[in-house]
Amino acid sequence: MPGPGEDPSVLVAGGGNAALCAAISAARGGARVTVLERAPKFYRGGNTRHTRNMRVAHTAGNGILTGPYPVAEFLDDLMRVTKGVTDELLARMTLERSAELWDFLWAQGVRFQPSLGGTLSLGRTNAFFLGGGRSMLNALYRTAEDLGVVIHYDTQLVDIVLDGDRFVSGTAESGGVRREIQADALVVASGGFEANIDWLTQAWGPAAQNFLIRGTPYNRGEALRLLLDKGIAAVGEPNQCHAVAIDGRAPKFDGGIVTRLDCVPFGVVLNAGGQRFYDEGEDFWPKRYAIWGRLVAAQPGQIGHVIIDEKAIRLFMPSVFPPVVAESIPELAAKIGLDPATTTETIAAFNAACVPGSFDHTVHDDCRTEGLTPSKSHWARPIDTPPFYAYSLRPGITFTYLGVKVDETARMIRADGRRCANLFAAGEIMAGNILGQGYLAGIGMTIGGVFGRIAGEGAAHVQA
Amino acid sequence: MSKLEALTSAQAEVVRQMTVCNACRYCEGLCAVFPAMELRRAFDGGDADYLANLCHNCGACYYDCQYAPPHEFAINVPVAMAALRDETYARNVWPAAFAGAFARHGLWVTFAAALSVAVFVAGFVAANDPGALFAPVGGEGGFYRMMPHWAMAGLFGAAFVYAIAAIGIGVRRFWRGTDAQAVGWAEIWQACRDAASLKYLDGGGMGCMNAGERPETDRRRLFHHATFYGFALCFAATGLATVFHEFGAQAPYPLWHPVVVLGALGGVGLVVGPLGLLAERAKRDAAIATHTGMGAAFLWMLCLSGLSGMLLLALRDTAAMGLLLALHLGLVFALFLSFPYGKFVHGFYRFAALARYAHERRTRKVEAVD
Numbered sequence: 000m001p002g003p004g005e006d007p008s009v010l011v012a013g014g015g016n017a018a019l020c021a022a023i024s025a026a027r028g029g030a031r032v033t034v035l036e037r038a039p040k041f042y043r044g045g046n047t048r049h050t051r052n053m054r055v056a057h058t059a060g061n062g063i064l065t066g067p068y069p070v071a072e073f074l075d076d077l078m079r080v081t082k083g084v085t086d087e088l089l090a091r092m093t094l095e096r097s098a099e100l101w102d103f104l105w106a107q108g109v110r111f112q113p114s115l116g117g118t119l120s121l122g123r124t125n126a127f128f129l130g131g132g133r134s135m136l137n138a139l140y141r142t143a144e145d146l147g148v149v150i151h152y153d154t155q156l157v158d159i160v161l162d163g164d165r166f167v168s169g170t171a172e173s174g175g176v177r178r179e180i181q182a183d184a185l186v187v188a189s190g191g192f193e194a195n196i197d198w199l200t201q202a203w204g205p206a207a208q209n210f211l212i213r214g215t216p217y218n219r220g221e222a223l224r225l226l227l228d229k230g231i232a233a234v235g236e237p238n239q240c241h242a243v244a245i246d247g248r249a250p251k252f253d254g255g256i257v258t259r260l261d262c263v264p265f266g267v268v269l270n271a272g273g274q275r276f277y278d279e280g281e282d283f284w285p286k287r288y289a290i291w292g293r294l295v296a297a298q299p300g301q302i303g304h305v306i307i308d309e310k311a312i313r314l315f316m317p318s319v320f321p322p323v324v325a326e327s328i329p330e331l332a333a334k335i336g337l338d339p340a341t342t343t344e345t346i347a348a349f350n351a352a353c354v355p356g357s358f359d360h361t362v363h364d365d366c367r368t369e370g371l372t373p374s375k376s377h378w379a380r381p382i383d384t385p386p387f388y389a390y391s392l393r394p395g396i397t398f399t400y401l402g403v404k405v406d407e408t409a410r411m412i413r414a415d416g417r418r419c420a421n422l423f424a425a426g427e428i429m430a431g432n433i434l435g436q437g438y439l440a441g442i443g444m445t446i447g448g449v450f451g452r453i454a455g456e457g458a459a460h461v462q463a
Numbered sequence: 000m001s002k003l004e005a006l007t008s009a010q011a012e013v014v015r016q017m018t019v020c021n022a023c024r025y026c027e028g029l030c031a032v033f034p035a036m037e038l039r040r041a042f043d044g045g046d047a048d049y050l051a052n053l054c055h056n057c058g059a060c061y062y063d064c065q066y067a068p069p070h071e072f073a074i075n076v077p078v079a080m081a082a083l084r085d086e087t088y089a090r091n092v093w094p095a096a097f098a099g100a101f102a103r104h105g106l107w108v109t110f111a112a113a114l115s116v117a118v119f120v121a122g123f124v125a126a127n128d129p130g131a132l133f134a135p136v137g138g139e140g141g142f143y144r145m146m147p148h149w150a151m152a153g154l155f156g157a158a159f160v161y162a163i164a165a166i167g168i169g170v171r172r173f174w175r176g177t178d179a180q181a182v183g184w185a186e187i188w189q190a191c192r193d194a195a196s197l198k199y200l201d202g203g204g205m206g207c208m209n210a211g212e213r214p215e216t217d218r219r220r221l222f223h224h225a226t227f228y229g230f231a232l233c234f235a236a237t238g239l240a241t242v243f244h245e246f247g248a249q250a251p252y253p254l255w256h257p258v259v260v261l262g263a264l265g266g267v268g269l270v271v272g273p274l275g276l277l278a279e280r281a282k283r284d285a286a287i288a289t290h291t292g293m294g295a296a297f298l299w300m301l302c303l304s305g306l307s308g309m310l311l312l313a314l315r316d317t318a319a320m321g322l323l324l325a326l327h328l329g330l331v332f333a334l335f336l337s338f339p340y341g342k343f344v345h346g347f348y349r350f351a352a353l354a355r356y357a358h359e360r361r362t363r364k365v366e367a368v369d
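As you go down the protein sequences, you meet chains G and D in turn. Read in order, the letters of the first sequence are residues 0 to 463 in numbering that gives the first Met the number 0. Read in order, the letters of the second sequence are residues 0 to 369 in numbering that gives the first Met the number 0.
Okay, chain G solo, but in the shape it has when bound (with noise of 0.2 Å):
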């Protein structure tokens, strides 16, 4: 908690990417910088600390980055992930200004790697942070206290003063005692609502206690609610939420990385009354695996269970926790507390509706069902030589859409209309104006990155 006589020039809320790049940035760019970050330190940074790369525009390969990424090319991808729902403006800013994020990184002491083992399909976009993202955000904070940028971990933005389109203080709290700071300028980097179960029930009905929330308990979105109380004009839908289906197994909250399960497209997903309910091999599963959270929370109990067999156990990545294993179907529906009958019946189906074909799980393969409903699609199997395997699935939340509008200098917007002065915004928190809906691989960086310098470079220079 800063002491009366520190008030800094800039107060950043937030301690992931985009609120270090700002606090960075202003501190270069000769402001005094506050850090309000409500987690304790191990648990700084939100889900920066579960990310691992950042995607970034180029026009060659360097070496790390195995070829030419152009602007337009990663505009195309937005385009078609978002299905146009973004501002397209901000968006070509942020893409063709992404091209600037390695060299700034680096020169905040980020190290980068080759695209990780399994991720080969990002190597020519994505820079890969070595050691993850909890190592990138070390460098980050390092390179902040350098800078004499001053950090207060388990503290909190509570409450901020406007005057028309001015910030004027804002109130931060840390265990229980309250003060007000006042500061030139304040920047609002402090990510979505993901870990409020209150408000994603709000949006989501009772099936959301059963969700499973992939990063920190902190990301609890109260600046979010605190800037759109004030009158902030809001962007995204309050119900959109990045929801992956992961092991159900995993902790209720910060699984992470660890507790993703690949093993969908090469089995069959059956819900609590054994029964199927989607086609598992539809596509390949980095496409699908987005759907699949909102798949699995549509069912009875939020739940699917993932049957395969000992021909595919070896054919995706190792899972944390190891899989329920049986000998025969009825054995293994009884383990997982399926009726044995009804998951004996759905195998059985399945099985006979699979046409002969030549398994490849590196293709689109011809291997599929026939007559059977709902069908799926490739990499269809008859389940048949045990043993047998069953993983549980749960809707797990990475991150939500709701956010705060901006413009290209990442000042936040009334909903009246009117530009503030000295309000900012980066980061998950504002992503929604570009990110409207769907996902791309390592984009909430890369917006965080561009849009926390824009921020911290704005902010260091308001009129007092």
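It is possible that part of the hints are untrue.
[Stated by the list, open to error] If you want the ones that stay clear, here's a sample from chain G, every Cβ over 12 Å from chain D, calculated:
(1) His57
(2) Thr58
(3) Ala59
(4) Arg96
(5) Leu146
(6) Thr200
(7) Arg224
(8) Glu330
(9) Lys334
(10) Ile412
[Unchecked claim] Within a straight-line C-alpha distance of at most 25 Å, the following computed DMTMM-like cross-link-like pairs (lysine to aspartate or glutamate) qualify:
(11) D:Lys364 to G:Asp308
(12) G:Lys251 to D:Glu12
(13) G:Lys310 to D:Asp43
(14) D:Lys364 to G:Asp364
(15) D:Lys364 to G:Asp359
(16) G:Lys40 to G:Asp145
(17) G:Lys40 to D:Glu212
[As the list claims (entries may be wrong)] Not everything, but these chain D residues come out facing chain G in the computed CB check (under 10 Å):
(18) Glu37
(19) Ala67
(20) Met205
Hints were generated in silico from the structure; no laboratory data involved. Here the structure is a predicted model, which means the values were calculated and not measured. Note that CB positions come from ideal geometry on N, CA and C, so glycine has one too.
Add chain D to chain G, keeping to what the hints say.
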């Protein structure tokens, strides 16, 4: 160790942690451990032993890990690996009755050093006129008036051969226990280069972590180089001296002599390197510190051996020569005998692990698919 045998608790902890790491893989650029891990879907005790000895304890993965304590997954690879490394030394030691020497290494080494020095002093006194221990006996052959060359060469040769044989038996047991395959010369050469440069003691390029989350410069690597190459130079000086002796040139040699130059350079390394490493140990973050005393005892023995050798060189023409020679020879003799039962073995285990890694990288592929 066969795959059916129960895991020790240190192995079980490494297996638990590697199972989490293998589902994450964010650290794959830091060192050899994580790429080696990725070649497996599941881990048995032998895999754990191998990976533990491949770890150079650079510390970077602890600070990079989003699952480190207080996260409920409680991943702390440097500490888990260090605990299992020490266990592999004790589990494979020859003779097996000496397994306890690793845990109480400091005590044993101190006892052995004191006893050894005392025996040399007593031996010099008994073999010569008692006054000779304090009489200046400079000039060619001075050392061998205290102890005949054949006795010195025979005693130290025997101690060294014993140490190498005992370590060889232990490393062989380790190698077989990890189900390792025969490796080729190219892979041994690769391991030599990786070991000689300490390639994996740099956090993947960002630097080691030691005192905390800030990556450090190459200090630990440089002090280790000073220690290792200091030892190698001293060893070379001794070997060269034996050759000169056979051709009739007797120690002590003049200051410009290659034996003295090599020995002096090596001695400096053996004093500076271990002191530097001891200082780095003192600064280590408690979260990743795994001090069992074994490493410190080994470093002190190396340092004192180097220091006594340098003193002997400086004061060899004075009345202190006899006592310093007894001190130096006593320390070196105890050091040799302690080799198979302390930190010295880490170099051999790690070399074996590096050779296996070079072999795996050529012959195995990551099983996971895109």
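Hint by hint, here is what the structure shows:
Interface exclusion of His57 of chain G from chain D stands, the closest Cβ pair being 19 Å apart, more than 12 Å. With a minimum CB-CB distance of about 24 Å to chain D, Thr58 of chain G clears the 12 Å threshold, and the non-interface call stands. The non-interface label for Ala59 of chain G is consistent with chain D: the shortest C-beta to C-beta separation is roughly 22 Å, beyond 12 Å. Distance check for Arg96 of chain G against chain D: the nearest CB is about 26 Å away, which clears 12 Å, and the non-interface claim stands.
Residue placement check: Leu146 of chain G keeps its beta carbon more than 12 Å from all beta carbons of chain D (closest about 15 Å). No beta-carbon of chain D is positioned within 12 Å of the beta-carbon of Thr200 of chain G; the least distance is around 24 Å. For Arg224 of chain G, the non-interface assignment is confirmed: its Cβ lies about 26 Å from the closest Cβ of chain D, beyond the 12 Å cut-off. No beta-carbon of chain D is positioned within 12 Å of the beta-carbon of Glu330 of chain G; the least distance is around 22 Å.
The claim that Lys334 of chain G is not at the interface with chain D holds, since no C-beta of that chain comes within 12 Å of its own (minimum 20 Å). No Cβ of chain D comes within 12 Å of the Cβ of Ile412 of chain G; the nearest lies about 34 Å off, and the non-interface call holds. A threshold of 25 Å between alpha carbons decides the hint, and for Lys364 of chain D with Asp308 of chain G the separation of about 23 Å falls inside it, so the pair holds. Taken as a hint, the Lys251 of chain G and Glu12 of chain D pair is honoured in the structure, with Cα atoms around 23 Å apart against an allowance of 25 Å.
Our distance criterion of 25 Å between C-alpha atoms is met by Lys310 of chain G and Asp43 of chain D, whose separation comes to about 22 Å. With a C-alpha separation of about 23 Å, the suggested pair Lys364 of chain D and Asp364 of chain G falls inside the 25 Å cut-off, and the hint holds. Proposed proximity of Lys364 of chain D and Asp359 of chain G is supported: the alpha carbons are some 18 Å apart, at most 25 Å. Only pairs whose Cα atoms come within 25 Å are accepted, and Lys40 of chain G paired with Asp145 of chain G is accepted, the gap being roughly 17 Å.
Note on Lys40 of chain G and Glu212 of chain D: the hinted pairing holds, with a Cα-Cα distance of about 12 Å set against a maximum of 25 Å. Below 10 Å, beta-carbon pairs count as interface contacts, and Glu37 of chain D has one with chain G at about 5 Å; its hint therefore holds. Among the interface hints, the one on Ala67 of chain D holds; its C-beta lies about 8 Å from the nearest C-beta in chain G, closer than the 10 Å criterion. At a threshold of 10 Å, the smallest CB-CB gap from Met205 of chain D to chain G is about 5 Å, leaving the interface hint in force.
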